[in-house]
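Number of protein chains: 2
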Amino acid sequence: MRIEILCTGDEVLTGKITNTNFSYISQKLEDVGLTVVWGTTVGDDRARLLEAFRLAAGRADAVIVNGGLGPTVDDLSQEIAAAAAGVELVLNEAWLAQMESFFARRSRIMPPNNRKQAMLPEGAEVLDNPVGTACGFAVDIGTARFFFTPGVPRELRRMLEDQVIPRILARAGSPATIRLKRFHSYGLGESHVDSLLEGIEALAPDGSVKLGFRAHYPQLETKLTVRGTDPDDVERKLAPVIAEVRRRLGNFILAEDDRTLEGVVLDELLAQNASLAVVETFTAGQIAARIGHLPGAERTFRRGLVLRDLTDLGAAVGLEDAPALGPLSQETAEAVARATRTTAGATHALVVLIALDDGDDRIDFGGTIHLAIATETQTTYRRARILGGREWVRLGAVELGLDCLRRFLQALPVAERIDFEKV
Amino acid sequence: MRIEILCTGDEVLTGKITNTNFSYISQKLEDVGLTVVWGTTVGDDRARLLEAFRLAAGRADAVIVNGGLGPTVDDLSQEIAAAAAGVELVLNEAWLAQMESFFARRSRIMPPNNRKQAMLPEGAEVLDNPVGTACGFAVDIGTARFFFTPGVPRELRRMLEDQVIPRILARAGSPATIRLKRFHSYGLGESHVDSLLEGIEALAPDGSVKLGFRAHYPQLETKLTVRGTDPDDVERKLAPVIAEVRRRLGNFILAEDDRTLEGVVLDELLAQNASLAVVETFTAGQIAARIGHLPGAERTFRRGLVLRDLTDLGAAVGLEDAPALGPLSQETAEAVARATRTTAGATHALVVLIALDDGDDRIDFGGTIHLAIATETQTTYRRARILGGREWVRLGAVELGLDCLRRFLQALPVAERIDFEKV
Numbered sequence: 001m002r003i004e005i006l007c008t009g010d011e012v013l014t015g016k017i018t019n020t021n022f023s024y025i026s027q028k029l030e031d032v033g034l035t036v037v038w039g040t041t042v043g044d045d046r047a048r049l050l051e052a053f054r055l056a057a058g059r060a061d062a063v064i065v066n067g068g069l070g071p072t073v074d075d076l077s078q079e080i081a082a083a084a085a086g087v088e089l090v091l092n093e094a095w096l097a098q099m100e101s102f103f104a105r106r107s108r109i110m111p112p113n114n115r116k117q118a119m120l121p122e123g124a125e126v127l128d129n130p131v132g133t134a135c136g137f138a139v140d141i142g143t144a145r146f147f148f149t150p151g152v153p154r155e156l157r158r159m160l161e162d163q164v165i166p167r168i169l170a171r172a173g174s175p176a177t178i179r180l181k182r183f184h185s186y187g188l189g190e191s192h193v194d195s196l197l198e199g200i201e202a203l204a205p206d207g208s209v210k211l212g213f214r215a216h217y218p219q220l221e222t223k224l225t226v227r228g229t230d231p232d233d234v235e236r237k238l239a240p241v242i243a244e245v246r247r248r249l250g251n252f253i254l255a256e257d258d259r260t261l262e263g264v265v266l267d268e269l270l271a272q273n274a275s276l277a278v279v280e281t282f283t284a285g286q287i288a289a290r291i292g293h294l295p296g297a298e299r300t301f302r303r304g305l306v307l308r309d310l311t312d313l314g315a316a317v318g319l320e321d322a323p324a325l326g327p328l329s330q331e332t333a334e335a336v337a338r339a340t341r342t343t344a345g346a347t348h349a350l351v352v353l354i355a356l357d358d359g360d361d362r363i364d365f366g367g368t369i370h371l372a373i374a375t376e377t378q379t380t381y382r383r384a385r386i387l388g389g390r391e392w393v394r395l396g397a398v399e400l401g402l403d404c405l406r407r408f409l410q411a412l413p414v415a416e417r418i419d420f421e422k423v
Numbered sequence: 001m002r003i004e005i006l007c008t009g010d011e012v013l014t015g016k017i018t019n020t021n022f023s024y025i026s027q028k029l030e031d032v033g034l035t036v037v038w039g040t041t042v043g044d045d046r047a048r049l050l051e052a053f054r055l056a057a058g059r060a061d062a063v064i065v066n067g068g069l070g071p072t073v074d075d076l077s078q079e080i081a082a083a084a085a086g087v088e089l090v091l092n093e094a095w096l097a098q099m100e101s102f103f104a105r106r107s108r109i110m111p112p113n114n115r116k117q118a119m120l121p122e123g124a125e126v127l128d129n130p131v132g133t134a135c136g137f138a139v140d141i142g143t144a145r146f147f148f149t150p151g152v153p154r155e156l157r158r159m160l161e162d163q164v165i166p167r168i169l170a171r172a173g174s175p176a177t178i179r180l181k182r183f184h185s186y187g188l189g190e191s192h193v194d195s196l197l198e199g200i201e202a203l204a205p206d207g208s209v210k211l212g213f214r215a216h217y218p219q220l221e222t223k224l225t226v227r228g229t230d231p232d233d234v235e236r237k238l239a240p241v242i243a244e245v246r247r248r249l250g251n252f253i254l255a256e257d258d259r260t261l262e263g264v265v266l267d268e269l270l271a272q273n274a275s276l277a278v279v280e281t282f283t284a285g286q287i288a289a290r291i292g293h294l295p296g297a298e299r300t301f302r303r304g305l306v307l308r309d310l311t312d313l314g315a316a317v318g319l320e321d322a323p324a325l326g327p328l329s330q331e332t333a334e335a336v337a338r339a340t341r342t343t344a345g346a347t348h349a350l351v352v353l354i355a356l357d358d359g360d361d362r363i364d365f366g367g368t369i370h371l372a373i374a375t376e377t378q379t380t381y382r383r384a385r386i387l388g389g390r391e392w393v394r395l396g397a398v399e400l401g402l403d404c405l406r407r408f409l410q411a412l413p414v415a416e417r418i419d420f421e422k423v
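As you go down the protein sequences, you meet chains A and B in turn.
For reference, each letter of the first sequence is one residue, going 1 to 423 in our numbering.
For reference, each letter of the second sequence is one residue, going 1 to 423 in our numbering.
Since the hints were derived computationally from the structure, they do not count as laboratory data.
One thing to keep in mind: the hints can contain errors.
Here are the computed distance ranges between Cβ atoms for each label pair [as the list claims (entries may be wrong)]:
1) B:R54 <-> A:A172: 46 to 54 Å
2) A:P205 <-> B:D361: 15 to 23 Å
3) B:E391 <-> A:R417: 48 to 56 Å
4) B:H192 <-> A:G207: 28 to 36 Å
5) A:T20 <-> B:D361: 19 to 27 Å
6) B:P130 <-> A:R171: 47 to 55 Å
7) B:F213 <-> A:D361: 28 to 36 Å
8) A:R46 <-> B:G212: 19 to 27 Å
9) B:D74 <-> A:D361: 47 to 55 Å
10) B:G212 <-> A:D361: 46 to 54 Å
11) B:T177 <-> A:D361: 27 to 35 Å
12) B:G189 <-> A:V126: 28 to 36 Å
Dumping the calculated BS3-like pairs for lysine-lysine here, alpha-carbon to alpha-carbon at most 25 Å [what the hints assert, rightly or not]:
13) A:K16 <-> B:K210
14) B:K16 <-> A:K16
15) A:K237 <-> A:K210
16) B:K16 <-> B:K210
17) A:K16 <-> B:K28
Just so you know, even glycine gets a beta-carbon here, dropped at the ideal spot from N, CA and C.
So here's chain A without its partners, still in its complex pose:
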């Protein structure tokens, strides 16, 4: 199955917009075992669009076209699709009615130029767009099936998943059920996880499980794509592999599927009827900002404190022997965590203090992190040293802080060594 993606629009071609739709489409296809072999980007230009459609039609079995379905004069996809397919544009009465009701539900009159969005190549199959007025459609050009999708990311995503991918899978003769299982981890590099998971695909003996990764520092996403004849078949094949991934990556798995590290931390806090106070230095509010805005945080996020000048630290958290605070150390971090918890009236305090290296930013610029978590009965400490430049240290410290809190709340060891720290 040769699949191509064809992105249209001057804003994408000129770089005014970064084309995230391309990687989104490509990744979603990969996730169900389909591979894109060619990508094309052209602007809102009749001759070039036509040439691009003809080239793709000559090379591919399926082509996903993105953009150009809007109501304005530079939206040319329907017109050029009809020309390339050698058919006329005809009004689709059903889509016109759907658009009119779309506007009516919002108490607005449909502008006349939106009518253009219901003009489709004769014989085209409509691809529903429940969240917008751009009508998706599929049509044959040469021997390839072309799927036309909207440029608005929210509309594209819905149409791709609900309408386009099932049709391409049906044409590819793929097994009816495909599932993507995802694990998010922090602290292990991609090659390390790859070697930890060696041989894991063989646990599903018919080659139906495929392992993949997506790294976005500081987190790594480990993906299992599974094909089967039906949901039961998929679950049966997947279960032993999932169990083995969980066993081998262990405490490093911070969340699965659509969950996030900050979401897991928030849910643990809420489930434990706990409340949180955070003290940060060089991360400068970024730890608080990952949790504090989430729905539900207003019930558990008690207080965040950012300090850059650490001579002020003791007084700011209400430490009585503030003048005695020396250079950063385990004692300092633990004392600050205990004082913060009391002052803020929280059940848990997370303190992430960072001693930055001197001098300008550089590739071996580093920071030493003193991290403490305090509850009424217990104080836990973790030290880590991260190198790689100011930004790298900052991002790493934010993730380390949140992940140590996750480990603490889940009663896992807080001080397990990670690949990113120097000893």
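Could you slot chain B onto chain A? The hints should help.
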């Protein structure tokens, strides 16, 4: 001048990496008045690379190829370039020596497979890469000039600006000097700024100034691209246009060229020998996080405080009549700002309190922002209401907070109405 971009690599084609290089190259070319007409993406596949090179050679005058210059077996750009140009690969002794010295400076031995990076198509022109081992080169394929660049963004950027763009401009017969002037604003939408700047290009009578925009909510970038025969000519043409843009956009210009809003705020604070305390609610640390990590912030950023439960607000900032704090209002915001300034021992306090609408996230979900800035002698208040969903409100409130502080520090009106707020 027909210019194409050809991106190579399985990681880009499969969406494992979002292709930001494409928009970067395209935007940089636009900035000097050059337009990309076609983009192609193919994987590490000999047959498809060769086909893509031949198609581009038949359509374009100049082609920028990105990726595939590394030392591994799936890096195929030199090999396919030679095949498409009908020449042999030959060892470039000068580049080999440069690579060996690159490794020697880092006290490392060059691995043998890096030698591959010095194999170039016969007759190719070397494009220097001072920050990596991938050798850029230019070669004719058909009637098009192909420029081969590395996939590593840092290496690409340097090579594109220093080596590739000057060569393409020379081939295009463009005037020797081109300058890009940028203005960053907050609070005016793109169409509003477009209408405010109507006719501005005509201030340079020979059509040498081109106006453009790049919107990234909440900020808007307004760009002037100017061509001239030499730097003096460019400055002469640009000066009246710059003056007029500054006059028309006025207080809304928050920074120019490479400066940022947070950088301007930090520099103003440092220049005024001031210190800052920040109190945030729903922005949850994001305002502090924009400033607090910057080099120099340790000398002026005194304290950041994040609270989600506002019943705790008075006590947290040391307000003596804390229990009397009612619902959010001008009085509350101003009292909190004054107390924060005193408690933190800062010259300036910025307080951004937000009353969120009830219910779930939705497109008309909004927040009412109560913003106050206090100094020893003065307290300033600004109220704003922003709609558009939780994320939109949060991003808008961060920007509004920083921009109001910028205006205050620059002695500009703090309460000037913006396009994004509802009255």
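Which numbered hints does this structure break? 1, 2, 3, 4, 9, 10 and 16
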